[in-house]
Every structure is written in C-alpha cells, then in structure tokens.
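Colleague: Using this note's numbering, the letters of the sequence shown correspond one by one to residues 176 to 294.
For the record, the hints were derived by calculation from the structure and aren't laboratory data. Check each hint, because a few of them may be wrong.
So the derived label-pair ranges between C-beta atoms look like this [what the hints assert, rightly or not]:
| id | residue 1 | residue 2 | range |
| --- | --- | --- | --- |
| 1 | M234 | W270 | 12 to 22 Å |
| 2 | I205 | T178 | 17 to 27 Å |
| 3 | Q212 | M176 | 33 to 43 Å |
| 4 | S237 | E262 | 21 to 31 Å |
| 5 | Q269 | S237 | 18 to 28 Å |
| 6 | A273 | A250 | 31 to 41 Å |
| 7 | M176 | N239 | 32 to 42 Å |
Beta carbons are placed, not taken as given, at the ideal position from N, Cα and C, and that holds for glycine.
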Amino acid sequence: MQTYDDAAIARKLTGSLRHWRHDHSALCRIYRTSNWQATVMAFNAVAHLCEQAWHHPDMHASFNRLEVRLNTHDAGGITDRDFELAERIEAQIQWRPADASALEAAQSDGRAPYIHIDD
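Turn these sequences into a full structure, and let the hints steer you where they fit.
Modeller: Pasting the structure below:
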C-alpha cells in the first residue's frame, strides 16, 4: 500500500479537505459542536463510517469538539484509504439541506447549531 510523503499530502489537503491538516503522520480534523450531545452524535456518525470502511481512527471527544485522526497503521503512514475516508467523513459531518430543500437545516431556526459548518 502506497504511503504519501509530506509534499504529496499537502497537495491533497485542498478542496473539500482544506480543513484537514497533516500532524505527526496522521490526517487530522477538529469539528466544533454546540454541546456534548452534538459531539456524541458526531462521534457516532464518524464511528459508523469508519467501522463500515474497516478503518479505525483515533478520536478525541470533549464538550464542544471532536478531533479525528486518520492514518493506516499497517502501512506506516497516510494512504489513499485515509484520504478517501476523510472525504466521506467530511461529506457526512458537513452536510446540510440545500436552501431549496424540503428539509430544514438545524441552524435555520436561530438556535445553536449542532455542528459549526466550515464554509
């Protein structure tokens, strides 16, 4: 399994992965939440995706934030598995209904947002 060097990782952390960073041989992302319940829901959503992909990150949860750290332990670095899973996590956690959707966005009612969306 191919691992990426620092320069290649930096080139890939653009577009939808622009909020991720490379830190100590892992792809890292911190999601800000409104409270502990929101953190737990985000943690469980990420855990579900990771289990389905049979790829297990390090995650750190606190009152209003969730940190996700991805690397491929058996390859000894960051691989396509990590980038692909980061893309899936980002799409899931940052998703919100479109303006023209029949669905309402959680923060459209003026209350504290569940997840702070990074535009």
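Colleague: The structure should be examined with respect to each hint, and the outcome stated for every one.
Modeller: The hints, checked one at a time:
Range check, M234 to W270: about 19 Å between beta-carbon atoms, so the 12 to 22 Å window is met. With their beta carbons about 23 Å apart, I205 and T178 fall inside the hinted range of 17 to 27 Å. Between Q212 and M176 the C-beta distance comes to about 37 Å, which sits within the given range of 33 to 43 Å. Take S237 and E262: their Cβ atoms lie about 25 Å apart, and the range 21 to 31 Å holds.
Remark: the range hint 18 to 28 Å for Q269 to S237 is upheld by a beta-carbon distance near 19 Å. Checking the proposed 31 to 41 Å range against A273 and A250 shows it holds: the Cβ atoms sit about 37 Å from each other. Roughly 35 Å separates the CB atoms of M176 and N239, a value that falls within the hinted 32 to 42 Å.
When each numbered hint is compared with the structure, no violation occurs for any of them.
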